[in-house]
Amino acid sequence: MLRPRRVVPFVASLALLLGACSGGGEGVEEVTGGDGADGADGAEGQEGGTLVAAISGQPDQLDPHQTTAYPSFQVLENVYDTLVVPGPEDLEFQPSLATEWEVSDDNLTWTFTLRDDVTFHDGATFDSADVAYSYNRIIDEELANAFRLASVEEIRTPDETTVEIQLSEPTPNLLANIGGFKGMAILPEGAADALDLSNEANGTGPFMLESMNPDSIQLSAYEDYWGEGPFVDGVTFRFISEGTTALTELQAGDVHWTDNIPPQRLESLQAEEGLVVESIASVDYWYWAVNFEREPFSDPNVRNALAFGIDREEIAEAAHFGAATVNQTAISPDSFWAHDYAPYSHDPEQARQFLEDAGVDGLSLGLMVTNEFPQTVTVAEVIASQLGQIGIDVEIQTETFGTWLDRQGQGDFDAFMLGWLGNIDPFGYYHSQHICEGSNNYQGYCSEETDELLNQAATETDQDARRDLYHQAVEKIVDDNSYMYLYNPNVTQAWVESLSGYTIRPDRAINFEEVRLPG
Amino acid sequence: MSGAATTHEAEAGAPPAVDTRPRWRQIADLLVSNRLALFALFVLGVVLLAGILGPSLAPYGVNERVGSIVDFRLRPPSLNHIFGTDELARDVFSRVLLGARASLVVGAVAVGIALTSGTLLGLVAGFYGGKIDDFIMRAMDVLFSFPAILMAIAVVAVLGPGLVNAMIAIGIVYIPIFARVTRGSVLSVRELVYVRAARSIGASDARLIRRHILPNVAAPIIVQTTISLAFAILSEAALSFLGLGVQPPAASWGRMLAEGRGFIQQAWWMAVFPGLSIFMTVLSFNLIGDALRDVLDPHQRSAIESQGLGV
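Here the protein sequences line up with chains A and B, keeping their order.
Quick note on this note's numbering: the first sequence kicks off at 1 and runs consecutively.
Quick note on this note's numbering: the second sequence kicks off at 520 and runs consecutively.
Keep in mind that the hints were calculated from the coordinates and are not lab data.
Every value quoted in this text rests on a predicted model; they were computed, and no experiment measured them.
All C-beta atoms in this analysis are idealised placements derived from N, C-alpha and C, irrespective of residue type, glycine included.
Be careful, since some hints might not be right.
[Said to hold, decoys possible] Label-pair ranges, simulated between beta-carbon atoms:
#1 A:267 with B:657: 53 to 63 Å
#2 B:802 with A:340: 27 to 37 Å
#3 A:252 with B:653: 49 to 59 Å
#4 A:439 with B:653: 49 to 59 Å
#5 A:142 with B:802: 57 to 67 Å
[Stated by the list, open to error] Quick partial rundown of chain A residues pointing at chain B, CB under 8 Å, derived from the structure:
#6 244
#7 262
#8 264
#9 266
#10 314
#11 317
#12 318
#13 371
#14 375
#15 377
#16 381
#17 382
#18 384
#19 398
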């Protein structure tokens, strides 16, 4: 269900062009600008230092309710807060702006108690009206995440520190919906009218937006932040699209932290002195899917042939150099929701048999990928060569992300490959992708049985019963090859050894609240 | 009338009295006497051979893995894989061989487009002059004012990436050069006696251009063609490098260079061999272009001969 963390196509491809043409020469100049600010800030701070983080893309805009781009959320994570947040390791929901919450017996009313010591960056006090304003904005203006609040009937504010959310049906994943990421951030009441939210920010988070530049964004520490941090004077996010460049800067000490690490460099990097490199399983998954509305892919035999014709191990290895775990379902094995179900193996013989049963000979398949995510192109090349062995001719169609999305939306494809990032609840992993009329069911899969299971699971409040329902649904989805799941990639980040207090997270949220740099 | 025209042409194109060999023999001999040009011809012969016979010569397919990815990727050059293997365990030598065709086809077609449209525009502009000339040449100036590669990127952005569109884009970019070169030469010959004589006996414009002007402005166009071939191949490499040209898994030297760039620390061979191929091909076209210029331009030629500067 989440599509929040995708890079915006145009900006990123432009950055790619610039990076490729200029070789980063102009970047160097701007860095000096950043360093100048660093010196000025350092003079007045207590703990000191400006953290420089290199991210691969440029935020398309900074309105948390509108953007769907991952680079935006990398920045916004440090500027805004949500009522609850996923814990750093297990992603269980923890208090943030809300200190506690309870659910009524009929599961239709959730009551949140809010902190009373929180102020926005402009000094205004945070209260329940801000929560109601923020959620109503998302619902009324039908913004990117309105679907997360689909079951919300009313938001009541009996007093300044209490918010009651009235639901039309039980919503066991409400916490994930309102706190999964900063797309559900709490804005001060009236912020959309008072500020140009796409370029300005007024949150309750540890850092304030200082300035936006073509190649970087500066944040400065918010002194009155309600939490413990921040312990640095500010954070500079620099946009470096080229992984090799980001690494060079990291090695030179011009950058303290980066997540832009070419997979093939991971091994050599880990051996390097003075750097911390971590690579942990993420909650993302990558998959490919065929168009159920096109012949001959509507034939289950053909889909089975494809599922048996590919070698997932090799695909994951080629794309991530070992920093990925193959999976035939969406949810990575260490999650509570994981289901150990793997009916397929790389078996060209069987794949050929399935093709024969389908009566298909000389099948050709257009596989749509995008250079926005280079791993999709790599994987497509591997799939092309694997399916070539069973006589399927794969034509790789590399599109810009914009065109890619258009074609996906119009159903103009044989097959495509992409990933879903930052999911926490199984609802997010499976619901809108596989339900008949699902908003993300571009492949056109439709099964009554799956629908029933998914709908039941969506409102089931008993955790174990809910998990069981999802397991049944997943088996059906995998058997029908609605998605052909490939792997869960690792999240890989590197930072200088002197940086402390940073935790790498499976949901790729980048939080610098507790980070310290040596003085 | 046709007899008269032929006589004129023979007179105008006649070699110096001392040398009675046919003109093409003179040119060929002069070229052969230039050792650098000979070397360049040899290199181009090899590249051409690779382009034509690549699929039957290459030991592996363009997207064929030589073994399992984990065991065979990023292998350095060895006897089995003289250019090493890439990150998907594919044979780099095979891909370089197969990539030659993309470079050559793009070069040839793009220059073909530029040559025909540019020459035609230049002939018309130079021959008729006046408003037509102004209109055509100002349009060319507009095209010329964009940096070539930026222009090509813009065209590909409109048409969409791919080999065919890359050819069209590069072709369009090089039209103005041909138009200018042609127009300049046409201006210098159109008032010459043999042209005026042909016109005075009633030759049509089309005939004048075709029989009397074009043959006499051909030399600089031929030189421009060879040099443009070099630049077109370079442009194809640049576009593919940026992901706008040949689409994967097909190979082209520019694409391979782009892919190899990310691995330069672990696998230099991924970038070096396609890079060398581009370098050698472009250099060869340039050398031949230079040599042709020396040979076809009688003023320079006589200077070279009289000063004993021939190589």
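Hints, verified against the model:
1. Distance hint check for residue 267 of chain A and residue 657 of chain B: the Cβ-Cβ separation is about 58 Å, which falls inside the suggested range of 53 to 63 Å.
2. Separated by about 59 Å at the C-beta atoms, residue 802 of chain B and residue 340 of chain A break the suggested range of 27 to 37 Å.
3. Against the hinted window of 49 to 59 Å, the Cβ-Cβ separation of residue 252 of chain A and residue 653 of chain B comes to about 55 Å, which satisfies the hint.
4. In this structure, residue 439 of chain A and residue 653 of chain B meet the distance hint of 49 to 59 Å, their C-beta atoms being roughly 57 Å apart.
5. Between residue 142 of chain A and residue 802 of chain B the beta carbons are some 60 Å apart, a value that agrees with the proposed interval 57 to 67 Å.
6. This hint holds: residue 244 of chain A has a C-beta 6 Å from the nearest C-beta of chain B, less than the 8 Å allowed.
7. Taking 8 Å as the C-beta contact cut-off toward chain B, the hint placing residue 262 of chain A at the interface holds, the least distance being around 5 Å.
8. Interface restraint check: residue 264 of chain A against chain B, minimum CB-CB distance 6 Å, threshold 8 Å, status holds.
9. A least Cβ separation of about 11 Å between residue 266 of chain A and chain B goes past the 8 Å threshold, and the interface hint is therefore violated.
10. Interface restraint check: residue 314 of chain A against chain B, minimum CB-CB distance 5 Å, threshold 8 Å, status holds.
11. At a threshold of 8 Å, the smallest CB-CB gap from residue 317 of chain A to chain B is about 5 Å, leaving the interface hint in force.
12. This hint holds: residue 318 of chain A has a C-beta 5 Å from the nearest C-beta of chain B, less than the 8 Å allowed.
13. Because the beta carbon of residue 371 of chain A sits about 5 Å from the nearest beta carbon in chain B, less than 8 Å, this interface hint is met.
14. Proximity of residue 375 of chain A to chain B is violated relative to the hint, the smallest CB-CB distance being about 12 Å (cut-off 8 Å).
15. The beta carbon of residue 377 of chain A is positioned within 8 Å of a beta carbon in chain B (closest approach about 6 Å), and the interface hint is therefore held.
16. For residue 381 of chain A, the shortest C-beta to C-beta distance to chain B is roughly 5 Å, which falls under 8 Å, so the interface hint holds.
17. A distance limit of 8 Å between C-beta atoms decides the matter here; for residue 382 of chain A the minimum to chain B is near 6 Å, and the interface restraint holds.
18. Interface restraint check for residue 384 of chain A: the shortest CB-CB distance to chain B comes to about 6 Å, inside 8 Å, so the restraint holds.
19. Because the beta carbon of residue 398 of chain A sits about 5 Å from the nearest beta carbon in chain B, less than 8 Å, this interface hint is met.
Checked against the numbered hints above, the structure violates hints 2, 9, 14; every other hint is satisfied.
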